[in-house]
Each structure stands twice: as C-alpha cells, then as structure tokens.
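Asker: Protein chains in written order, with my numbering: chain A, 1 to 144; chain B, 1 to 210.
Mixed in with the good hints there might be a few duds.
Here are the in silico distance ranges between beta carbons for each label pair [stated by the list, open to error]:
hint, chain 1, residue 1, chain 2, residue 2, range
1, B, K100, A, E54, 22 to 32 Å
2, A, P8, B, N56, 41 to 51 Å
3, A, K22, B, Y194, 43 to 53 Å
4, A, I121, B, A180, 23 to 33 Å
5, A, M86, B, N200, 37 to 47 Å
6, A, N115, B, G210, 33 to 43 Å
7, A, D57, B, D121, 41 to 51 Å
8, A, P17, B, Q128, 18 to 28 Å
FYI, nobody ran anything at the bench for these hints, they're computed from the structure. Remember, it's a predicted structure, so these values are computed and weren't measured experimentally. In this text, a Cβ means the ideal position worked out from N, Cα and C, and glycines have one as well.
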Amino acid sequence: MLTISFLPYAEIENLGPYQRIKKILNTVKDKKILILEGRLRREEETELIKVTMEEIDKTFKGIELAVIYPGETVGDTILAKMRVGMLNMLLGDRQGLTIIGPATIVKEIKKDPNNIELLTIDGKASRARPRQGSATKRAKRPSR
Amino acid sequence: MANWFNGFLGKLFSNLFKKRGKLKLGIYGPPNGGKTTLANVICKDWLGEELGTVSNVAHETREIQIKEEVNIKSGGKELTFNIIDTPGIATKIDYEDFMKAGLKEKEAKKRAKEATKGVIDAIKWLDQVDLVLVVLDATQNPYTQVNITMIGNLEARKIPVLLVANKIDLKKSSVKKIEAAFPQYRVVPISAKYGTNMENFYKELFKLAG
Numbered sequence: 001m002l003t004i005s006f007l008p009y010a011e012i013e014n015l016g017p018y019q020r021i022k023k024i025l026n027t028v029k030d031k032k033i034l035i036l037e038g039r040l041r042r043e044e045e046t047e048l049i050k051v052t053m054e055e056i057d058k059t060f061k062g063i064e065l066a067v068i069y070p071g072e073t074v075g076d077t078i079l080a081k082m083r084v085g086m087l088n089m090l091l092g093d094r095q096g097l098t099i100i101g102p103a104t105i106v107k108e109i110k111k112d113p114n115n116i117e118l119l120t121i122d123g124k125a126s127r128a129r130p131r132q133g134s135a136t137k138r139a140k141r142p143s144r
Numbered sequence: 001m002a003n004w005f006n007g008f009l010g011k012l013f014s015n016l017f018k019k020r021g022k023l024k025l026g027i028y029g030p031p032n033g034g035k036t037t038l039a040n041v042i043c044k045d046w047l048g049e050e051l052g053t054v055s056n057v058a059h060e061t062r063e064i065q066i067k068e069e070v071n072i073k074s075g076g077k078e079l080t081f082n083i084i085d086t087p088g089i090a091t092k093i094d095y096e097d098f099m100k101a102g103l104k105e106k107e108a109k110k111r112a113k114e115a116t117k118g119v120i121d122a123i124k125w126l127d128q129v130d131l132v133l134v135v136l137d138a139t140q141n142p143y144t145q146v147n148i149t150m151i152g153n154l155e156a157r158k159i160p161v162l163l164v165a166n167k168i169d170l171k172k173s174s175v176k177k178i179e180a181a182f183p184q185y186r187v188v189p190i191s192a193k194y195g196t197n198m199e200n201f202y203k204e205l206f207k208l209a210g
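Okay, chain A solo, but in the shape it has when bound (with noise of 0.2 Å):
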C-alpha cells in the first residue's frame, strides 16, 4: 500500500535547516511519499542529498525528489519577472510543491518544466491530475 503525506509549510517555517531535513527524511525512511507543501531553500537541498547519502543502509536506498515552484520557467518579459519577484516576497519558500519518496518504492519523478510525473517501483505511473481530486502521484504546476 501507498501511502502518501502532506507536510504544511507551518510545520517547518520555524525549524533550522537540519531539523527540517531529519523531519523530512524520517518520514521518508517511514516508507512515506511526502508532499511538502513550498520549497526548502537551496542550500539545504543540498544538504538533504548529503544527509540522505549519510543514511544509506540495508533498508535505505536513497530518495527521489521534485521541486515545482512558480519560478522555475519564468518568462522573459519584465512582467513576468516582477510578478515573481512579489510572489517571492509575500510567499518565499512557501510556494510551489517538493515531493520525495523513498528510492525502494519510488522509481522515478519524471518532471519537465510543466508536469510531474511520479513512477513506483512495480512500474505503472499514475496519471491523476490533482484538479480531479486525485490523491496525486502527477501534479500539475502551481498556478503563478
């Protein structure tokens, strides 16, 4: 059985880099596909792939992650540009989606700039859309 957890923003606004990613990371290890709702900042992205690298074991192979944020693909146009920018300011790392899921039961995220696409290890992708109520395993961007 698939099981699938939303962590809220709120519930990592006020920790420190590495108590999000132990949060993050124990969930995982708990054979859980998280969806975290915003982003962690870049640096402990990174930190997440090392912390994560630190953890392999017998049980624990790694996980698969995606980010989807509004930024991502912004456009040329000033506009554009300064529409982001005020969602960044009012939001920051609020916006967008991340999901990981452990490697042992996750096979790939395939992700382009406009849809993700989520692969379990049996091999079959879900094509729910999130907008049809689907307990999402393909989300589609977040509206800018």
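Since the structure of chain A is provided, determine the placement of chain B on it from the hints.
Answerer: Below, chain B without anything else, positioned relative to chain A:
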C-alpha cells in the same frame, strides 16, 4: 556581520587566486555524464597524462581526483587550473544496481558504500571551487532535480558555471534540451570520448574564467 566578513575574506582570497591565474575548476554532474572522460581529455591535452579511470558502470569515480597546475592556452591567453574531478551526485545508491551491471555482491556493496561517501565529499568540495563545469549527458533528460538542485546551489554561492553537453556523438543527444532546461547558462556541446569541439570548449572555459 560575521557572515559578511567571511564572505569578504572569501571573495578577497578568490580574487587573489584569480589574479595569479590559478583557478580551482570543479567538474560536477550526475553519474555517467562523462566528467572523468572530460577531465582526462583536458589533462591529456595539456599535461600529456590522464587523471582517472572511466567505466560504463555508474559511480566509477568515488573519490575526489585532483590534477594541479594544468596550464591551458586559448586565444593567446594562458591560465593555470587545479582540476577537481568529483564523484557523480545522486540522491539514491543501491548496491543491487551494481550487481545488475555485473558486479559480485560483496564488490557491489563496497562500491555503493564508497559511492555514498563520494557524493558527500563532492558536496563538501563545493565550498572550495572557483569555477564549475557541470557535465551532462546530452542523451538524457536534463530536467532532473539533481541537476536543478546542483546548479541552483552553485548559483546561490555565486560560483560561475558552464554547462557541458557531453556525448554529442550519440544520435539520441539533444543540446537544445539542455539549453531549454537552463536558458540562463552557456552550454558548450562536446564529445569528450572523441575530443570533439574541445577548441570551442576551451574558449568557453576562458570566458567563464573571465
């Protein structure tokens, strides 16, 4: 204040090195992108000797490999680099994948353990490098989270980055996909295996070194 002072000192020392023309060039990227093959071509071109061994099995490079005092000439200029070839950055390492590639269990487990340490070391070395080549296999989807995280982290550290689209000798390769995924960066297409377009690569490297 302490952060500002540390940043100032870091920048000062970095600039001193740049003025002396000795730059620490980190070669980063996902496993099997051709980092060591590229490092070997550079070292062979300018030192006459290779840096490390290459293999089709992922995570062949599991330790940081450094070649110091590599003098490279391009466009009438000369710069000295310390070339730092790093293990491939990954978010998962499973010894069973190495067994599928033909390794015995004991050997595969050892390789996996060394590979995890290699990733940690590669990330730690981000603090040390002045410039970075991110070597991507042009036959693979460039839009992976590892690539995005790695490039984003370098951007946050204000480390100049040149994307190297490797393996252009293969039919499946697409430099355009890499350019589209990271439009804010310069992309230089090469085939490290056959030494294709290396002249252009050196030109781009010198532009990066500024």
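Asker: Hints first: check each against the structure and report whether it holds.
Answerer: Quick rundown of the hints versus the structure:
A C-beta distance of roughly 25 Å is found between K100 (chain B) and E54 (chain A), which places it inside the suggested range of 22 to 32 Å. Roughly 44 Å separates the CB atoms of P8 (chain A) and N56 (chain B), a value that falls within the hinted 41 to 51 Å. Taking the beta carbon of each, K22 (chain A) and Y194 (chain B) are about 46 Å apart, inside 43 to 53 Å as hinted. Separation of I121 (chain A) from A180 (chain B) is about 30 Å and conforms to the stated range, judged on CB atoms against 23 to 33 Å.
For M86 (chain A) and N200 (chain B), the Cβ-Cβ distance of about 40 Å falls inside the hinted range of 37 to 47 Å, so the restraint holds. For the pair N115 (chain A) and G210 (chain B), the supplied restraint of 33 to 43 Å holds, since their beta-carbon distance comes to about 38 Å. Here the CB-CB span from D57 (chain A) to D121 (chain B) is close to 19 Å, at odds with the stated 41 to 51 Å. Hint check: P17 (chain A) to Q128 (chain B), Cβ distance near 21 Å, so the stated range 18 to 28 Å holds.
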